[in-house]
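The chain contents come next:
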Amino acid sequence: MIEAITEQIIPADQDAGATDARVVNFFDRQLIGYYTRYQETYRKGLQNIESYSLKNFHKNFVNLDWDQQTEFLETMEAGELPEAEWESNEQRSFFRMLLDHTMQAFYGSPRHGGNCDYVSYKMLKIDYPHVIGQNRYRSENGNTNLKAL
Amino acid sequence: MKNKHVNAIVIGAGAGGGVVAKELAVSGLSVVLFERGDWVTYDAHNDDELMSQRTHPFENPFGPDNKRHRRVFVGPNGTSRIVLPHEYPFSNNAACVGSGTVSYGAMAWRFMEKDFLMKTTYGHVEGSTLEDWPITYQDLEPYYEKAEWEIGVSGDHTGNPFQSARKKPYPMPPFAYNKDGQILHDAANRIGLHPFPIPMLRNSVRYNGRPACYRMRTCVGFACPVNAKCGTHNTVIPIALQSGNCELRTNCQVAEVMVNEKGLATGIKYFDENDKGQIQTADIVIISCAAVETARLLLNSKSRLFPEGAGNNNDWVGRNLQGHAYTGASGIFEEEIYDDVGPGACWAVGDFNHDNEGIVGGGVLCNSFFTPPYAFTRLRPPGAKQWGLEHKAFQRTNYKRISSVRGPFQEIPNFDARVTVDPEVKDHWGIPVARLSGQRHEYDRIGCQFMSDRAEEILREAGAISTWQAVGGRGLSGDQHQSGTARMGNDPKTSVTDKYGRVHDIDNLFVADGSLHVTNGGFNPVLNIMALGFYIGEYITKNWNGGTFTSK
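Line order of the protein sequences matches chains L and R.
Just so we're aligned, residue 1 is where the first sequence starts under the working numbering, counting upward by one.
Just so we're aligned, residue 1 is where the second sequence starts under the working numbering, counting upward by one.
One chain only, chain R, in its complex shape:
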């Protein structure tokens, strides 16, 4: 049976797609929201460390599965190999309703004004594609606010003196520090920094009909057993479904966007939950599959007008793959600093996000989420013995005495860190898989070293008796903070979409996810992706004329 034509298709029920689907559905557009994964619950994997989104030696607990999905990774020496979804460097984002927002740590950062003006602020960096965004912080400010209120953020709106201007406080009060956070807070104050509680997409009080967080140690990497963590799966997606205008089709793998002879998207080809090939037509198509899969889908959508893939006539699709170079330091304290008040991360300083002498960009520093026991076996000073009696003694003595201060360094984008499609390797459905190649810009190492030095200083001031650094490396970026592969810009020659996320030259095809990010900020990017979802969703509904969507 033929699928009924709808107004809009949204591909990917994550941070971006979930928001867009809701914005369109509540405005009266008929929507089909496609998701390659399924709904997941806490009970499937409960608090099993080996089945967490952070540590997954067996397979991805939140998908995608090892049976049907593959990617190809090209190493710095040019040799390529097939990578399974749970292996490094697959660059995974969860495949389930809500995607990463089900299992994330849920930090809720707004980018800063300068994050949108990286080239203006820092000038050209050799070997990079550093650029300004076509939109500003001010353009996005109302949509950050929407994301904070509709999805739910706890925080102190006066906490970070370096943040850009905001109109409204957060809807919920901040979380109190745990012991580790309080110690770091006092230390940061002593050395003249400006510490504050991390804003979190997690209920500090009852909100939106869901209970407050009770601060388990297992949070990041897991679904929340009491539904206190706020993602798209328990906020905007249910609202979209309740509107009666949105159908969610899970376990569907989209193969390509069909583009006709007029250069308009007519719909998609996909495989349903029984692997049957299907077609869904629509007036508008919105891609929200995260940076790797969005690029793959665009590149796999070949047509006469776009022989190299939709929106790729200037070879910018899949370029500038970014994520975050994580960097920081760890320290051992004389006394126990672990009080089991989860999830660990609660304290931040924004002093190093910009205006660091001699450094391009920077990033926020936070205390880390609790490191569960197996992951803790790798948390060692350089040269420490990894096994035997020494291993046990270290675990026993230090499990509750180590604090780590880390942060996401804002990467300098480069043209050769990229996603293409592999000419040979195909997935379960016969669709060419993503091929990842390139590495981080060499500059990132300098920035990471700077931030690790600052992290180590704070730990020492806090009383750590022994400290060591873990400095972000040069490997290919991406991972859960993946972004940049469908850059927005005013010039079609050097970008993939316009400033509303509309693919250049295809008036009814949009991208709404981190792929749009020109630069990725020195912050966890999820709130920015949600804000872009609200911004693009509103643009579409305001300009919707009831038929084929075109600006011309």
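Only chain L is shown next, with the shape it has when bound in the complex:
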């Protein structure tokens, strides 16, 4: 389910999407790491999404069409899922959390579990890793710093 939601947030196009970047791996690791404190929020939030989906579409969220999922999340982002047994500001804040954590996973350092092979850096065309002493990093007098070090 996290995979479906995060792929909606960062879909694959000509560049890698959330699934390719192993964003789910970030969630798996951080929810028993730094984000242990959000476990309950996630459990409740995902349950709410699932039960709303079953009640209104008679399908699990992951089995909704792509466009249905998009619309679902857009409505949730606005806190406007109709007749949801789920307060509007809770819908909004859970979406904000999903969005924020997905971005951290996709753009953050791979050492936290996501951004596999720096796929987001490739998309942005920023080279990685930075190699200290690499020729184009020059000090003001034009020398590379390797010698100075």
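Read the hints as simulated data drawn from the structure, not as lab findings.
A quick note: this is a predicted structure, and the numbers were derived from the prediction, not measured.
Ideal Cβ placement from N, Cα and C applies to all residues, glycine included.
Possibly wrong hints are sitting among the right ones.
[Said to hold, decoys possible] What follows is a set of in silico ranges between Cβ atoms, one per label pair, in the way DEER data are often shown: (1) L:Lys-44 - R:Gly-388: 23 to 33 Å; (2) L:Lys-55 - R:Asp-272: 56 to 66 Å; (3) R:Glu-357 - L:Ala-78: 35 to 45 Å; (4) R:Asp-315 - L:Asp-28: 46 to 56 Å; (5) R:Gln-242 - L:Arg-37: 20 to 30 Å; (6) R:Gly-123 - L:Lys-122: 29 to 39 Å; (7) R:Glu-390 - L:Thr-36: 50 to 60 Å; (8) L:Arg-37 - R:Ser-466: 31 to 41 Å; (9) L:Thr-36 - R:Asp-339: 34 to 44 Å; (10) R:Asp-339 - L:Lys-122: 27 to 37 Å; (11) R:Thr-41 - L:Asp-28: 25 to 35 Å; (12) L:Lys-122 - R:Gly-388: 17 to 27 Å; (13) R:Glu-126 - L:Pro-129: 31 to 41 Å; (14) R:Glu-390 - L:Glu-83: 23 to 33 Å.
Start from chain L and add chain R according to the hints.
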């Protein structure tokens, strides 16, 4: 075992405390420098954006940690909540040797003459505690120079025509502009402004035994991998330690300053690295914990003569909490303007620091530090979709085409933006935590709007095809530029310390950090804090008589 009595205790090894410790130690005083954090290195977090001092969704990479530290924040509606150190609005300053000077952007601004004379210049502002400093720019000028030469600044001393008079150039030449800076420089010149390269506490050439900067994109928010950034941790603190007169005690949390029946400080109570309660006595105590923690420590230091906390008999400790309302604009360019020559910020205009018609104060405008990829996901024009294919397209198209011009607006201080201690919540050691309440003066919004308008004009002139503003808000101030909570002044009824940073009525207790700032200038304040450290350090050593320190 009892700790050996020393001449001076300095609490906090940051911008202010590091300098004072060095000044005292090299003059022969025995010093213990206390730091609640530890030494940090680049390798601990390298260039990990999620572990930077600017973006820290997990925890603070440079401390303080989430396990042992807490604060309470009181919202505008009066409800209070506990805030963890890495959360907004904890108002964090790094807890490590060197504090913020390890990971800062390192802009090296002197305040201007008028920054010390805000009330004389602008008169009374309703609802504010706007006041003149008890010292002037001229008083501090020699100490700015010391800070620039001893800690190390690169810059063009003739660059800013609005700066106040200085005697000496910077010790290192300025950094060359990156592409973004050059474009903004040309644009600013075309509309009659006076752009110049930002003075930086960062080596542009080899200096003080450390190498020149090689201009990585990750700089602000990170420790420097080659030690080219100049902080107190790699300049004055090592000198203090080399003198043989200074002991640095890391991982120590100070609980209170002990004040005796004569109204003199006798030392401190603290918890050592094993959480064991200890006492250190000294002839002089200097507090340099930054505005929030300095106020907390003073307020937690209760004695018979000072039942509401040291220096707080007139209820001024913790008042006038300031920082900077950051404000500016961003623009998208047709061509790529990002050339990966770090750290981004390199260009400034000082045209709007004062003498803006109808505006109290002002601030410097600079191009911003590079925005790393995760932070960039929030850099959007109003109303832009934050996710989906649009999100990706925006990232891909614009990552190298956006420039932001921003600056710190000089805040108008107010009495109700304040630090108190919470009556219930305590930290790991059982010490009452800081409680933050109030908000910025309503005037700040006007000043911020003015500066954002100017920033947007420059971007448009520079060729931005689409621009938008981010205008500083009214939330409670503080953060890394925190200041003002132990204001210096000549009248004990309306200030906390005298003009040498000495707490009124406690002759041997000093404050040496941004807490002293009567007003916070329209600049990043670190050089001013370092200069105050040199100024106060010199005052103490000159008046030191070898025993209990008293002016009476």
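Item checked: Violated hints - listed by number, lowest first -> Hints 5, 6, 7, 10 and 13 are the ones this structure does not satisfy, whereas the remaining hints hold.
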